[in-house]
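Got chain A sorted already, so can you dock chain B onto it with the hints?
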Amino acid sequence: MLVLLFILFGGLAIGCAINVVAQRNPLYCAISLIGVFMSLACLYLMLAAPFIAAVQIIVYAGAIMVLVVFVIMLLNVEQEEKRRIRTGFLVPVAVVLAGLLIGEVAFVLWSVDPNPTLQSSDIGLTSSIGAALFTSYLLPFEITSILLLMAIVGAMTLARRTDVLSPEARVIPGAQVLALSDIDPRASHDVQTPIITDSSAEAAALLGLAGKRDQSKRD
Amino acid sequence: MDLQTVIEIVLRFVAITVVFTVVLMIVAYTVLAERRILGLIQGRLGPNRVGYGGLLQPFADLLKFILKEDIVPDKSTRFIYFLAPVIATMAALMAMIVYPFGPEVHLPWIGEIPLVVAHFDVGLLYVLGVTSVGVYGIALAGWSSNNKYSLMGGLRSSAQMISYELALGLSLIGPILLTGTLDLSKIVETQSRWHGGGWLILFTPLSFIVYLIAAIAETNRVPFDLPEAETELVAGFHTEYSAMKFALFFMAEYINMFTVSMLATTVFLGGWNVPFAEDIFGRGSFLFALVSVIGFLAKIIFFLFLYIWIRGTLPRFRFDQLMNFGWKFLLPVALLSIFITATLIFLNVI
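Chain order of the listed sequences is A and B.
To convert, note that position 195 of the first sequence is 199 in the working numbering; the numbers rise steadily by one, no gaps.
To convert, note that position 147 of the second sequence is 584 in the working numbering; the numbers rise steadily by one, no gaps.
Pulled out of the complex, with its shape left as it was, chain A reads as follows (with noise of 0.2 Å):
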């Protein structure tokens, strides 16, 4: 029984894994990752790991992947066109690596004993998983805390670009934020005003700005 599941979900992560590579369309490639995260899921809680197993699919399949969707949808990509493949040097690096692979799993296959000695069964639950973290890997799980922290501030930093509109100016969700190659805020007579509009042209109106695009069209 439990081989038939292992097959049927292991089978089924090789196929997707195979479709997310061989697929043109960029968003059949993200359906068939989320295939892959899916029977990883499955896999995990065969192996009494029911925590990671909801974990994986919480994280990737529910947040990671819903942004890599969204982000393929917002950019409407279009089918990748058949082409030449201009990256020919990469093939023969593609072989050696694939044998590196190979001889990896190899070794790993060679070197593990083929009856384990059964473990602890609750090594997968969440109590030990949180129990570990928070004592023996403290560390770790702080200085990726930190990262994460860091890429949110980042991420913010780079949203907000203050030197654009002025600190007062308000941006609410759909409106278009200014771009500086369009308008300098320096030339306005009133920074302070908040810009609460749905477009650019509007919001230049507002501060009294002329737009060097409308200029360049006006030339």
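No wet-lab data here; the hints were simulated from the structure.
There could be a bad hint or two in this list.
[Said to hold, decoys possible] Which chain B residues face chain A? A few, computed with CB under 7 Å, are given here:
1) D558
2) V559
3) G566
4) I731
[Stated by the list, open to error] Over 10 Å on every C-beta distance to chain B, these chain A residues come out as not near it, computed from the model:
5) V25
6) M50
7) G92
8) A136
9) S140
10) G158
The structure displayed is predicted, hence computed values, not measured ones.
By construction, the Cβ of each residue, glycine as well, lies at the ideal position given by its N, Cα and C atoms.
Chain B alone, transformed into the frame defined by chain A:
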């Protein structure tokens, strides 16, 4: 495979079938109840012609959905267009199997039967994970329809569900802290002290309120039904869907309503615990199980009624209001609630 395993598997399938049938029946009648109650709120009658008081209306609707022409937009992405409603419905139904519907019951000849389909050590996380997969159904439906209104609806729903999932997850931390487990059955068991009245809502009322609001947003219901705002987006992500595919989306929404109501009942309102039922009927008896299941369903139906009531009362949010509310109000409140609960536990007050 020995006989025991086969019986076990067959029993599981029977349990899944029973649970799905019961849930889908309740869902079908929730739709009818919604239409009748909305009629009541708005001073009109609602559908009351098919069967006594409109009781056969769900079946008439189902027949209509099956027999209608299935229109597929010309330039849609076919495969994903077909896949989206399947994902939505499947994700909604999958969450159903981990909830304990009642206590274990001793039956003659058969033995002890737990009234839960799958006993799962991390049931709460499983529910959150499966719910978060449901967003693909809506997002992909919006994208594959090749319609700007659908796409807008899909994008809105992705943003909304990601935002409110955080508040939803954080609001469940309080109960997890109090019970010390992610197992839904154990969470319910913990609440059976004080003669079955030790519901967690008494200990973390703030978490409950945050959960209730976030749950409405998760199910895309009024006042958070931005993905299908009729006045702006025609019908949002399912504009291009017709016949049974539309019905699947419709069903998924109501099943999701049922699921979040079930989670609210299980985690905050004591699950199947009915006050003093255990003292009267005794544990393991058939009557106790029956009363517990009825109590469980009654609490769920209360939540469903609440959703319909809210729909009949409140206007829709604007999109920026929705985002501001989720990130700048609900999330901090959820964190505050965790802080309060943790402090009270640390001080041994609760």
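Cross-check of the supplied hints:
Restraint check, B/D558 versus chain A: the minimum CB separation of about 5 Å is within 7 Å; hint holds. At a threshold of 7 Å, the smallest CB-CB gap from B/V559 to chain A is about 5 Å, leaving the interface hint in force. Checking B/G566 against chain A by beta carbon gives a least distance of about 4 Å; that is within 7 Å, so the hint holds. Using the Cβ-Cβ criterion of 7 Å, the hint placing B/I731 at the interface with chain A is not satisfied: the shortest such distance is roughly 31 Å.
Under the 10 Å C-beta cut-off, the non-interface status given to A/V25 relative to chain B holds; the minimum distance is some 18 Å. The Cβ of A/M50 lies farther than 10 Å from every Cβ of chain B, with a closest approach of about 14 Å, so its non-interface assignment holds. For A/G92, the condition that its CB be more than 10 Å from all CB atoms of chain B holds, with the nearest at approximately 32 Å. Its beta-carbon lying about 16 Å from the closest one in chain B, A/A136 satisfies the requirement of being farther than 10 Å from that chain.
Once the 10 Å rule is applied to beta carbons, A/S140 is consistent with being away from chain B; the minimum gap is 21 Å. For A/G158, the requirement that its beta carbon stay farther than 10 Å from each beta carbon of chain B is met, with the minimum near 18 Å.
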